[in-house]
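Assemble the whole structure, with the sequences as input and the hints as a guide.
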Amino acid sequence: MGKYFLVARSNLRKAKGQSAVIVALILLAALMLNLWLMLSTDYAENFERYHDKLNAEHVTLSITGVDKAQTDFISRTLDEDARVSEYRHDECVGMIGGFSYNGGMTNMWLVFMEKQYALDRSIGKAEVIEDSGKSGVYLPMLYKTDDMGVGATVQISVGSYIVSYEVCGFFNSVMMGSHNCSLTQILFTPDLYEQFVALEYAPKSVLWSVRLKDASDNAQFRAQFKNAIAERFPSVNMMSNDYDTVAQARYISQNICSGILCAMAFLVLLIAIVVIVSNIINYIQVNIKNLGVLKSTGYTSKQLVLALLTQFLSLAFLASVAGSALSYGVFPSISVMMISQTGIPYAMRFLPLPVFISIAVLCGAVALAVWLAARRIRKIEPITALRSGIVTHNFKKNRVPLEKTKAPLNFALALKTTLSNMKHNVTVCVTMLVLSVLVVFSGLMTENVIADMTPFVNLIVGETADSCISVHAEAEARFVEQLNSDVRVEKAYLFNSINIAHVGGMELLATVSDDFSAVNNKNVVFEGRFPKYDNEMAVAAKYAGEKDIEIGDTVKFSACGKTADYLVCGFTQMTNNLGKDCLITRAGYERLGELTEASYYIDLKPSVDIDESNAEMKEKFAGDVNIAINIAQTVDGASRVYVSLMTFIVIAILAVSALIIAFVLYLLVRTMLATKMRDYGILKSVGYTTGQLVLQTALSFMPSLIISTIVGLVVGCLIINPLMSLFLSSIGVVKCTFGIPIGFVSIAGVVLIVLSFGIACLLSLKARKISPRNLLVGE
Amino acid sequence: MSDILLKTEKLCKTFSNGGLQQHVLKNIDLELYDGDFTVIMGASGAGKSTLLYALSGMDTPTLGKISFGDKVISDMSQDALSVFRRQHCGFVFQQIYLIDGMSVMDNVLAAGLLVQKDRKSLVQKAKALFAAVDIDEETQKKFPSQISGGQAQRVGIVRALINSPRILFADEPTGALNSKTGLDVLDTLTKFNECGQSIVMVTHDLRSARRGNRILYLKDGAVLGDCKLGKYEHGNEERHEKLSAFLRDMEW
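Chains as they are written, first to last, in my numbering: chain A, 1 to 779; chain B, 1001 to 1252.
A few of these clues could be false.
Straight-line C-alpha distance at most 25 Å; calculated BS3-like pairs for lysine-lysine [stated by the list, open to error]:
#1 LYS406(A) with LYS1117(B)
#2 LYS1219(B) with LYS1026(B)
#3 LYS491(A) with LYS522(A)
#4 LYS1141(B) with LYS397(A)
#5 LYS556(A) with LYS532(A)
#6 LYS14(A) with LYS766(A)
#7 LYS1141(B) with LYS404(A)
#8 LYS397(A) with LYS1219(B)
Derived, one-sided and incomplete: chain A residues facing chain B with beta-carbon distance under 8 Å [as the list claims (entries may be wrong)]:
#9 LEU409
#10 GLY687
#11 THR690
#12 ARG773
Derived from the structure by calculation, the hints contain no laboratory data. These figures come from a predicted structure and were not determined experimentally. Ideal Cβ positions, reconstructed from N, Cα and C, are used throughout, including at glycine.
Here it is, written out as structure tokens:
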């Protein structure tokens, strides 16, 4: 064993720079691999841990009104259902509302409770994270931002009213702690709760919290449970959520981030592997005489391969341990970003399994690469090695003969180097292909999320307008008349969400409209068409895929105790309900039940103030307006977290890309200068200047660099939308249609090439140390 | 008397190694003349190769001045020296130093294209030189590893002459060759010198030294003797005897 270390140590001493680059690349891969594993294992399980800790519900349902007959019926239904493990109901105040968040307004079903009461609930209890001890309101910890801390004033809109309270703390609620949960809990200190109830701005409600024996039944149970209530009490107003939907919704950012980290970790590993393989092939080429000497003194090929394995595995092991350790330094920053979307606290702890997997994967990959690359040592005969690899038969070709080429001298000599260095070209190509795809991704995110998030919002939210006003069904005709006569209104159309149950499947969030041709985002239906007739429906593609539903199939839906068949006319992709959505015409919905309220999406003329218009409508239809939302502001508030996450990711990708280019080029230039030291010495002796040699070195990388960058950018443009669809598939996106910023991509490509050329020139400056005298005295 | 081609004044070269100073060249004042075949001789470690590198601008002196015509090359930067070498000097090395990755023709053109932009006439000139040193067209297409040592050294001579240098430096050009091929190389150099090519050659081989018309003998970093012979004539015993006597005086 000692002799392997002897050879390995000698190799390491001779190649400190190359070893440093390989260590840096593996360290980077280990860092990202371990972060990915931490995010996708323990961090994802954090939801489950908190769910258990707070004995949270599998299905939550808030129902307007406190009615004994209703309570008795629901209790009986739950008692008779064998799937229910335990349940409870609590009186509270609840209705659709919102509050200020991230410069916008949230919009969801708010459940108001007294703090101590919420903390003491046996099912779905809350946990206070921060408490000033003063009188005020407690918000879910997701809403703790720079602007919204303890002591800040929060404006809460409930129906047509707005109230302001001081924030006295934050709490954690698993099923009602985020705007992604449909239901959001707000807690009051006892004095304020009494005051708030007395105001009667929002109706008294009952909150049902149900735990199931088998958590996987949650979505189906929820659909059947709601349907049973709706069948018995058709006009009741309720809102619910379930374990699966909430678990997925609260971890959207985590899913996106871990997907990107996973992709980047393996791409960096790929680059590291290519670099190692190139390094070994080069090592064999440069040290062929030494290998011949070792072989002639009795070393076997196996021993020489083992020495290389020892050398690279020791580097890989140290780098992956260091990378894994470093990930614990980086994770807190990522966790802070994630918590701003999940809203669930996470206490970092040491996770041996991800560390073990990271080290095993990286060392395994390196071992395989070294073994494959070093196998050629077996084919080297000692005498051939001692002759510097010159074999009896030589089929070397004179590429770019100077006699015939029209190319300028330095370019021709660089091209000769390029063509005789295929392993360098492969390394450059793989690196630039990977980085180009990452650049396209960064461009895509910059254009569609960071600079203008309309495409992202269209994909995630589906339909947007300036404002959404929801009125009671009885007031709808009058409201529509008002909208039609209002000159400030550009366009208004019914866009009402209501739950309906797929018979034999899950509950879907149905969007009901009189005329879908009025919607702004025509991409919501990406295959087939919007429903036109009462027997048609467009279903979420994700759900359709899970249930094997095709366009042209007939599906059975139920609501309010009625059942009807619908023809699937198209596939949608909206992530509001994580891919459990459908579109249906009003006439289609009326085959199941009547709308108790009507939400209208309104586009106002450009100069009109949305908030003022909403306030005016609220005043005109006082008592009939359930809620009036400034959609732009709401979307802006909720989306800001994605913008900051994406900004971080894009900056990280660009920084890592620049670093990788520098690392890889450093390694290649260094290797090239080492192997061409003699040639460059000769060229200097016949009159070549350092500048010419620097130019030749840098230019020699350019053909493969330019070609692979162009190919990478083109391939990136072609695959990036399908790749994004894959990343976002968990939230219901099936077909991404982000606009590819050709200008940005082209400029980024040019920058990438110029940057690489600049780095190669800088690194090649080492050629100035090569002097003809060294050549003369060196041998 | 021919024109002075190269002139040194108080030329010194010192190497430092771990605080130990080694004065290899000591205050050398020398004039080299146009058209001469100057041979530098001396025992191992006398400083003959160091003097050759300094004269050719391959290395910079520690002290002193080297002038080429009105140009002081000892003050030039490395890049300026590169330009100086490409324009005025040719080199023939003991180890030959052809670039393995280039064909024989490309090795020559890589040097030639630095100075001469007309590729067509340069190729013609290279072919004429190859013919002069007896390298056929087939060999011109081969790579250095595919030709013999003697052929390689003759290719080295063609490369050295492709830019029509004012002076050709040769450092033990026959050192790595056998007797027959070494003789061919010497004949080639002699032939070019007869055509007016100035040559400065380092050697410790008497047979090679006979080709020179001026012999400089170095000892301990200083020029100990300077012997002027006539032009080389095959079988001129009197000339050979004069050289032998000079070398005996130098205790060679």
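query = Which numbered hints turn out to be false for this structure?
reply = As far as the earlier hints go, only 8 is violated by this structure.
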